[in-house]
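We have chain A already, so just place chains B and C on it with the hints.
One letter stands for each residue in the lines below.
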Amino acid sequence: MDKTINITLKVWRQRGPQEKGAFQTYQLEGISVDSSFLEMLDILNEKLINEGQEPVVFDHDCREGICGMCSLYVNGHPHGPDEDVTTCQLHMRKFHDGETITIEPWRSAGFPVIRDLMVDRSAFDKIMQAGGYVSVNTGGVPDANSIPIPKPDADEAMESASCIGCGACVAACKNGSAMLFVSAKVSQFALLPQGRVEAARRAKAMLAKMDELGFGNCTNTGACEAECPKNVSITNIARLNRQFISAKLKD
Amino acid sequence: MWLLNSSIGRKLIMSISGIFLILFLLFHMSMNVAAVFSEEAYNTICEFLGANWYAVVGTLVLAAGFIIHIIYGLWLTLQNRKARGNDRYAVNATPKGVEWSSQNMFVLGIVILGFIVLHLSQFWYKMMFAELTGNVSVTLGDTFVSPADGAAFIKYYFSNIVFVILYLIWYVAIWFHLTHGFWSAIQTIGWNNRIWMNRWKCISNIFATIIFLGFAIVTITFYIKSLA
Amino acid sequence: MTQIDSKIPEGPLAEKWSNYKAHQKLVNPANKRRLDIIVVGTGLAGGSAAASLGELGFNVLNFCIQDSPRRAHSIAAQGGINAAKNYQNDGDSVYRLFYDTIKGGDYRAREANVYRLAEVSNSIIDQCVAQGVPFAREYGGLLANRSFGGAQVSRTFYAKGQTGQQLLLGAYSALSRQVNKGTVKLYTRYEMLDLVVIDGRARGIIARNLVTGKIERFSAHAVVIATGGYGNTFFLSTNAMGSNGSAAYQCYKKGAYFANPAFAQIHPTCIPVHGEFQSKLTLMSESLRNDGRIWTPKNIKDAEAIRAGKLKPTDIKEEDRDYYLERRYPAFGNLVPRDVASRAAKERCDAGYGVGSTGLAVYLDFKDAIERLGRDAVEARYGNLFQMYEKIVDENPYETPMMIYPAIHYTMGGIWVDYELSTSIPGLFAIGEANFSDHGANRLGASALMQGLADGYFVLPYTIQNYLADQIQVPRFSTDLPEFDKAEKDIQDRINKLMNIKGKRSVDSIHKELGLIMWEFVGMARSKEGLETALEKLKEVKKEFWTNVRIPGEANTLNTELEKALRVADFIEIGRLMALDALNRNESCGGHFRVEYQTDEGEALRQDDKYMYVSCWKYEGEDKDPIMLKEDLNYECIKVQQRNYKQ
Numbered sequence: 001m002d003k004t005i006n007i008t009l010k011v012w013r014q015r016g017p018q019e020k021g022a023f024q025t026y027q028l029e030g031i032s033v034d035s036s037f038l039e040m041l042d043i044l045n046e047k048l049i050n051e052g053q054e055p056v057v058f059d060h061d062c063r064e065g066i067c068g069m070c071s072l073y074v075n076g077h078p079h080g081p082d083e084d085v086t087t088c089q090l091h092m093r094k095f096h097d098g099e100t101i102t103i104e105p106w107r108s109a110g111f112p113v114i115r116d117l118m119v120d121r122s123a124f125d126k127i128m129q130a131g132g133y134v135s136v137n138t139g140g141v142p143d144a145n146s147i148p149i150p151k152p153d154a155d156e157a158m159e160s161a162s163c164i165g166c167g168a169c170v171a172a173c174k175n176g177s178a179m180l181f182v183s184a185k186v187s188q189f190a191l192l193p194q195g196r197v198e199a200a201r202r203a204k205a206m207l208a209k210m211d212e213l214g215f216g217n218c219t220n221t222g223a224c225e226a227e228c229p230k231n232v233s234i235t236n237i238a239r240l241n242r243q244f245i246s247a248k249l250k251d
Numbered sequence: 001m002w003l004l005n006s007s008i009g010r011k012l013i014m015s016i017s018g019i020f021l022i023l024f025l026l027f028h029m030s031m032n033v034a035a036v037f038s039e040e041a042y043n044t045i046c047e048f049l050g051a052n053w054y055a056v057v058g059t060l061v062l063a064a065g066f067i068i069h070i071i072y073g074l075w076l077t078l079q080n081r082k083a084r085g086n087d088r089y090a091v092n093a094t095p096k097g098v099e100w101s102s103q104n105m106f107v108l109g110i111v112i113l114g115f116i117v118l119h120l121s122q123f124w125y126k127m128m129f130a131e132l133t134g135n136v137s138v139t140l141g142d143t144f145v146s147p148a149d150g151a152a153f154i155k156y157y158f159s160n161i162v163f164v165i166l167y168l169i170w171y172v173a174i175w176f177h178l179t180h181g182f183w184s185a186i187q188t189i190g191w192n193n194r195i196w197m198n199r200w201k202c203i204s205n206i207f208a209t210i211i212f213l214g215f216a217i218v219t220i221t222f223y224i225k226s227l228a
Numbered sequence: 001m002t003q004i005d006s007k008i009p010e011g012p013l014a015e016k017w018s019n020y021k022a023h024q025k026l027v028n029p030a031n032k033r034r035l036d037i038i039v040v041g042t043g044l045a046g047g048s049a050a051a052s053l054g055e056l057g058f059n060v061l062n063f064c065i066q067d068s069p070r071r072a073h074s075i076a077a078q079g080g081i082n083a084a085k086n087y088q089n090d091g092d093s094v095y096r097l098f099y100d101t102i103k104g105g106d107y108r109a110r111e112a113n114v115y116r117l118a119e120v121s122n123s124i125i126d127q128c129v130a131q132g133v134p135f136a137r138e139y140g141g142l143l144a145n146r147s148f149g150g151a152q153v154s155r156t157f158y159a160k161g162q163t164g165q166q167l168l169l170g171a172y173s174a175l176s177r178q179v180n181k182g183t184v185k186l187y188t189r190y191e192m193l194d195l196v197v198i199d200g201r202a203r204g205i206i207a208r209n210l211v212t213g214k215i216e217r218f219s220a221h222a223v224v225i226a227t228g229g230y231g232n233t234f235f236l237s238t239n240a241m242g243s244n245g246s247a248a249y250q251c252y253k254k255g256a257y258f259a260n261p262a263f264a265q266i267h268p269t270c271i272p273v274h275g276e277f278q279s280k281l282t283l284m285s286e287s288l289r290n291d292g293r294i295w296t297p298k299n300i301k302d303a304e305a306i307r308a309g310k311l312k313p314t315d316i317k318e319e320d321r322d323y324y325l326e327r328r329y330p331a332f333g334n335l336v337p338r339d340v341a342s343r344a345a346k347e348r349c350d351a352g353y354g355v356g357s358t359g360l361a362v363y364l365d366f367k368d369a370i371e372r373l374g375r376d377a378v379e380a381r382y383g384n385l386f387q388m389y390e391k392i393v394d395e396n397p398y399e400t401p402m403m404i405y406p407a408i409h410y411t412m413g414g415i416w417v418d419y420e421l422s423t424s425i426p427g428l429f430a431i432g433e434a435n436f437s438d439h440g441a442n443r444l445g446a447s448a449l450m451q452g453l454a455d456g457y458f459v460l461p462y463t464i465q466n467y468l469a470d471q472i473q474v475p476r477f478s479t480d481l482p483e484f485d486k487a488e489k490d491i492q493d494r495i496n497k498l499m500n501i502k503g504k505r506s507v508d509s510i511h512k513e514l515g516l517i518m519w520e521f522v523g524m525a526r527s528k529e530g531l532e533t534a535l536e537k538l539k540e541v542k543k544e545f546w547t548n549v550r551i552p553g554e555a556n557t558l559n560t561e562l563e564k565a566l567r568v569a570d571f572i573e574i575g576r577l578m579a580l581d582a583l584n585r586n587e588s589c590g591g592h593f594r595v596e597y598q599t600d601e602g603e604a605l606r607q608d609d610k611y612m613y614v615s616c617w618k619y620e621g622e623d624k625d626p627i628m629l630k631e632d633l634n635y636e637c638i639k640v641q642q643r644n645y646k647q
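Chains as they are written, first to last, in our numbering: chain A, 1 to 251; chain B, 1 to 228; chain C, 1 to 647.
Simulated from the structure, these hints should not be mistaken for laboratory data.
Derived BS3-like pairs (lysine-lysine); straight-line CA-CA distance at most 30 Å:
#1 A:Lys3 with A:Lys47
#2 B:Lys82 with A:Lys10
#3 C:Lys391 with A:Lys174
#4 A:Lys3 with C:Lys512
#5 C:Lys512 with A:Lys10
#6 A:Lys47 with C:Lys512
#7 C:Lys32 with A:Lys126
#8 C:Lys512 with A:Lys94
#9 C:Lys502 with A:Lys10
#10 C:Lys391 with C:Lys312
#11 A:Lys94 with C:Lys367
#12 B:Lys82 with A:Lys248
#13 C:Lys301 with A:Lys3
Keep in mind it's a predicted model, so treat the numbers as computed, not measured.
Excised from the complex, chain A in its bound form (with noise of 0.2 Å):
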């Protein structure tokens, strides 16, 4: 009883970073549109497998919007073209029969493809690891409710908070930008008085290893925004360039 529709696919398959990659054609039948994007991939692997092919490898795990690892281009979109989702999330009823759908990997030197569909996003534990915390040591810390905390600054933080470091916006970017995801935990933390005792420090550092890895310019597109699954505002960029700022001129 359910509404199944045919598609053709046009996938992206590359063994590794070295080597040069091209679309590869399938077609699927009866896929049921109750069916999300990652479960219609199931089913071509599936097929590819019984066809004693080697499955299309893309990154995948929670399936449910919230781990950040699949990470697909489709037609032309991060994550697709529904709007607030990731892909685990995009399901088959978006498309319509007999379309055609492309899918590629992240697209950014930030983010060299491994295989297929799969990309490195190490880049962005690198950009954490360079000050993306509070340093606190385990114990010793005040009790939770001795610093009150604003209601909208604790809601803003956690709006930051968030991304899902999923790397859409780097994907989105036209320039290979992460400044959404690096400006989004800055902003997490600059936002609340825990995090504040070491916001200079913090802008400057992971600002500083975004730019060491090759990650590109913002120039303020909002493409970023736009395509992110959770929203994540670009005035957190604003946040950061002002942090950022303020700090160098103090030096």
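Showing chains B and C alone in chain A's frame:
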């Protein structure tokens, strides 16, 4: 030096030079509008901006602003192309809410620069530059005019429909460049937040439109006058 | 027969942990640098442990299968984390949290461990706030709480519907700081395939680099397993696709006891299954039961009409709705523990009152909450969950009730550990969901985050020193030792064997078959006959797998099918262990429900005189049945009674 070797530093220079150029445009536009009301007033300004030391210094500063803006624009763009990687997307779709101009600032910049060359050759080269080189009169078509007679230049060039159209295209490019450039500069400096985001964008559009209208009105007015 | 020593410290319950800490052995700073610790897993338990051990000065090697530590499945926890702060002045205390946890676990958890858990719960909240975790706050600037299943107080701290994510990011940031300092070395996209035991002590692991396919060796003075649960044995669960029980199973094969494998939690509020192609089940946070009311139609005719698509839930009049949890459990209502709510939903559906096209769903309705609080307030509380539901099901939960059905969510069972979180192999520790210790037969909502972080931040960093203090003379190990050679060869042989089967079926297809058997016979309602059938069927699945699986590609490079195959091979074994344990336990308790043992009202009936013990399974060899050892549970502070959520 963080202004050179950090991305925000480079962008800050881009922003500040941009804002400086925007202010210049505002001044230039106001000066032009004066010509519509009084050609003498306009010429007085032209004379004031002739081969005087302060005008020369101003011009040099302005030129520096342009050059910095252009060099940094070029530099950032090259870096950004590199950051994008070697493989390009096969399918591109502009997400909702992304301004066309924001994705084409560099192209717009090149268009604007091309027209600046034309504009400088038509006006500045025959005006301030001529004065500096000691010429008391320059050729303008079949006639000789004083380099300080700005109104004559306006009347001459804006009577030609080809130039009028070219200049109008230029203003449109500037309009696009400014609608993004203005608020983007503010954003880069960090004077932005959730509330001001839309306000700045709105101010940007209004400001760019004022600049556009100011220049366009002068151009069109003089063209119409030339027909009479 | 081997005696099980849980090493519970002497003294009154409330003083055990303080006494332990006061008298345990410690390692001095100069020696810490010379001691290596392998931590497998980067979730709440593994991440917080690796960070804390790094802060102490140990040399930590931290492994995860994902591309970043931040993606561990702890991230998916939505609702919150419990702590006995009593900020709400509603009568909470360490004792009450302890009591609720023991009772929620149906009296199958170890008193001393649970008390310690309740004791350190408050420190976790302090720690997370100091790290910059943006917990929800009241307008006065202080922390907000919500209530959760199985408790009569509001003790759950939350960060929107993303508590797990925020806590994990806190641990991840602490971990990142240590990586920056050089005390922790990260190995991402690495999967542990075997434990290396030298002279009876855990001394290293064999791991596969998932990108290059290379098998690598790592040695250390101690190994910590924080690899989560084995819920994916059921194929369909709320676990992430990569979650697996292999690391734990390898430890079991090397001699660590596997405790209470049958205790798996079925979460009542998941989005129902809707097709064969389904790859996983999505959980809707338990916090929804705070304001949502669960019901099915009162009349079977209405239920039939709904299933046939002739009636909509909104057409059913108030008096024709059966709010069965409120009816059966007036005291706790919609907030009964998960096992109770799950079974009640199954009971309704089995009786023919289920809704949805499959009849395997019940309603979770927010109509009253929206009328009482307003749409905005409901949106503020649950907006992201509602949005998630709408994206998946394509229905607007503000207008029509959500459909939910129970699904496998969490495994209370796991590697057996003593009070020090040490397994039965010296030098091997297990923390978080990977161990069995704190939740008994059923875990309360918002307690998994608490346990993971308690183990990682506040327990293991102490107890592991008691072991390592004796190891300071032991120099770093070479990975050229024969034990490493053998472990690597075994793994290589296993991989070669798998690659050479070259059968006809994909790994997933066999995994799905396994899942269906597990769900039918080892799921929510188990019986002796069913479990015996399951054991037979599992044998067939195992045979099918080892003779007919097809893995394309090469072993010595990235190969996602090989990764899955290695995990499924272990899931089949774990499934068997679960069935064996369920068959052994002739009683119903918590998540383990044997249809033969229920009250007249259909509630779980424990057999305390016979089964008040932890069943610890000891591996005896590939084709032999494991031996079951018992750790008796002694309740000194709590009066054991029938769980009652009615009054």
